[in-house]
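Each chain, written out:
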Amino acid sequence: MSFISRGFSGRSRERDDRLPPGQTLVHDFPVLSAGPTPDIDTADWEFTIRTESGVHRWNWDEFTSLKIDDVDTDIHCVTHWSKLGTKWRGVSLDTLFEDIETEQDYVMAHSYGGYTTNVPLDELLDGKAWVAFEYDGEPLDPEHGGPARLLVPHLYFWKSAKWVRGLEMMDQDEPGFWEQNGYHIHGDPWKEERYW
Amino acid sequence: MSDPSTAQAPAAGLPGGADAALRAVPRSGWHVATVAATHRETPNATRLELEVDGWPGNAAGQHLDVRLTAPDGYTATRSYSIASSGPGTRVTLAVDKLPDGEVSPYLVDEVRAGDMLEVHGPLGAFFVWSPAAESGDARPVQLIAGGSGVVPLFAMAHAHGQVDDPTPFRLLYSVRTPDDVYFADELRALAEASAPLRLDLVYTRRTPDGWPTPAGRITRELLEHAVIPATDRPRVYVCGSTGFVELVADWLVGLGHDPRSIRTERYGGT
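Going line by line, the protein sequences match chains A and B.
So for the first sequence, my numbering puts the first residue at 1; every next one is plus one.
So for the second sequence, my numbering puts the first residue at 1001; every next one is plus one.
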């Protein structure tokens, strides 16, 4: 149903193949949050993975002693901005799940502050997701999710849960906080899975 | 499509229960909007009255996407808060012109009555307010706006006045100069209407003549005096630039407000 907007020419035609449909390139780093930024001391921080057989737990020192990946990736926010070539450091979900056996196929990510977001497990493995604690060579800012956030760059960025504190395995896919409040259950930017 | 008359905002607090999926917010979709009227809101902003074909109504505080298409097929999409609420197909936007903007200068300076726009919405089910009679939450409400961040908060204050909701409302509105106040007449009228709304304006660059305090940014001390105290357990909605929202939300938490009672929305970047 698209039609031409009278008098609109647009700012630029430098269309980058790395930009999904409906996205605009930005150079700053906008913030999307539903509430205040939580203040989390790494001395109190812990990360857990809860499966049908039990809970796996890491404190900050244990976590940052795991194998750390350098990640260079594009990120896409549902609010129409994308950033290209962002640089992160963090622990791959492959590393975290190395010694974990689970029959459950779905994950609910839980954050400090109470937020949740859902992702199928197979979208977090095979080099597709990290728990990141450095951005652009610096410790991750609290307003961008520090001390650590999930990083799932092939999905819209709300899936990259800020202030992440754990993953809960589930038998079935269930909507998290953002998904209950209007965002798509899956969130593929290339299919423009923005809203339900 | 859901019946707009049953449109409801989520209950207060962070969701966690399965009942959230049952919320009857209107379903979003693409619609053709015809510009019914434009009005210069401030020197830098325009109010757009849209007649939106098939619009399912919206809750106060929701937003929509506007998509513009150039003759060669190039498109640009941006999100805008909605200044109106309720059932019906009339939708009000108030758009601030960003200095390096691509879409906002078009909406502020170019669009005129009769033009058509593609809109997608209504969007967002968290940064919304619904009357105490629907939400069952009669706690007082504190709105805190920075600049054009007042738009969704105006929608809430207006909805509160429309239904004569008895919940105490207070709006703290930080704005550069008296000329930059959005919805100035409407806010004044709401502050004098029977639904309780207290309006506190803070001018950051220039005050009206005879204003009791000099121009300046919001401080923690000012915030403490101009918002409903934490002991009254208000629900708080904060909207503005990222810097404004971060600062205000941090101060609110420091002043004892429950982080779960503070909802934020930021504009910026694009």
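Since the hints were made in silico from the structure, they are not lab data.
By construction, the Cβ of each residue, glycine as well, lies at the ideal position given by its N, Cα and C atoms.
Hints are not guaranteed to be accurate.
[Stated by the list, open to error] Some chain B residues near chain A, calculated using beta-carbon distances under 8 Å:
#1 D1053
#2 G1054
#3 T1092
#4 A1113
#5 L1117
#6 E1246
#7 D1250
#8 R1260
#9 T1264
[Claimed, not checked] To give an idea of the interface, some chain A residues facing chain B are shown, with a C-beta separation under 7 Å as derived from the structure:
#10 P20
#11 G35
#12 P36
#13 W58
#14 N181
#15 H184
#16 I185
#17 H186
#18 W190
#19 K191
Hints, one by one, checked against the model:
1. Interface restraint check: B/D1053 against chain A, minimum CB-CB distance 10 Å, threshold 8 Å, status violated.
2. Interface hint status for B/G1054: violated, as the beta-carbon distance to the closest one in chain A is roughly 11 Å, over 8 Å.
3. For B/T1092, the interface hint is violated, since its Cβ never comes within 8 Å of a Cβ in chain A; the closest pair sits about 19 Å apart.
4. The interface hint given for B/A1113 is violated, since its Cβ lies 12 Å from the closest Cβ of chain A, which is over the 8 Å cut-off.
5. Taking 8 Å as the C-beta cut-off, the interface hint given for B/L1117 holds, the closest approach to chain A being about 7 Å.
6. Hint status for B/E1246 relative to chain A: holds, with the closest Cβ pair at about 6 Å, below 8 Å.
7. A least Cβ separation of about 7 Å between B/D1250 and chain A falls short of the 8 Å threshold, and the interface hint therefore holds.
8. The interface hint given for B/R1260 is met, as the beta carbon of that residue sits about 7 Å from the closest beta carbon of chain A, less than 8 Å.
9. Because the smallest distance between the Cβ of B/T1264 and any Cβ of chain A comes to about 6 Å, under 8 Å, the interface hint for this residue holds.
10. At its closest, the beta carbon of A/P20 sits 11 Å from a beta carbon of chain B; the interface hint therefore is violated under the 7 Å criterion.
11. Evaluation of the A/G35 hint against chain B yields a held restraint, the C-beta minimum of about 5 Å falling below 7 Å.
12. Interface restraint check for A/P36: the shortest CB-CB distance to chain B comes to about 4 Å, inside 7 Å, so the restraint holds.
13. The beta carbon of A/W58 comes no nearer than 24 Å to any beta carbon in chain B, farther than 7 Å, and the hint placing it at the interface is violated.
14. Nearest Cβ of chain B to the Cβ of A/N181: about 4 Å, under the 7 Å cut. The hint holds.
15. Taken as an interface hint, A/H184 does not check out: its beta carbon lies about 11 Å from the nearest beta carbon of chain B, beyond 7 Å.
16. The beta carbon of A/I185 is not positioned within 7 Å of any beta carbon in chain B (closest approach about 10 Å), and the interface hint is therefore violated.
17. The restraint placing A/H186 at the interface with chain B is violated, with a minimum CB-CB distance near 15 Å, outside the 7 Å limit.
18. The beta carbon of A/W190 comes no nearer than 15 Å to any beta carbon in chain B, farther than 7 Å, and the hint placing it at the interface is violated.
19. Interface restraint check for A/K191: the shortest CB-CB distance to chain B comes to about 15 Å, outside 7 Å, so the restraint is violated.
Comparing the model with each numbered hint stated earlier shows that hints 1, 2, 3, 4, 10, 13, 15, 16, 17, 18 and 19 do not hold.
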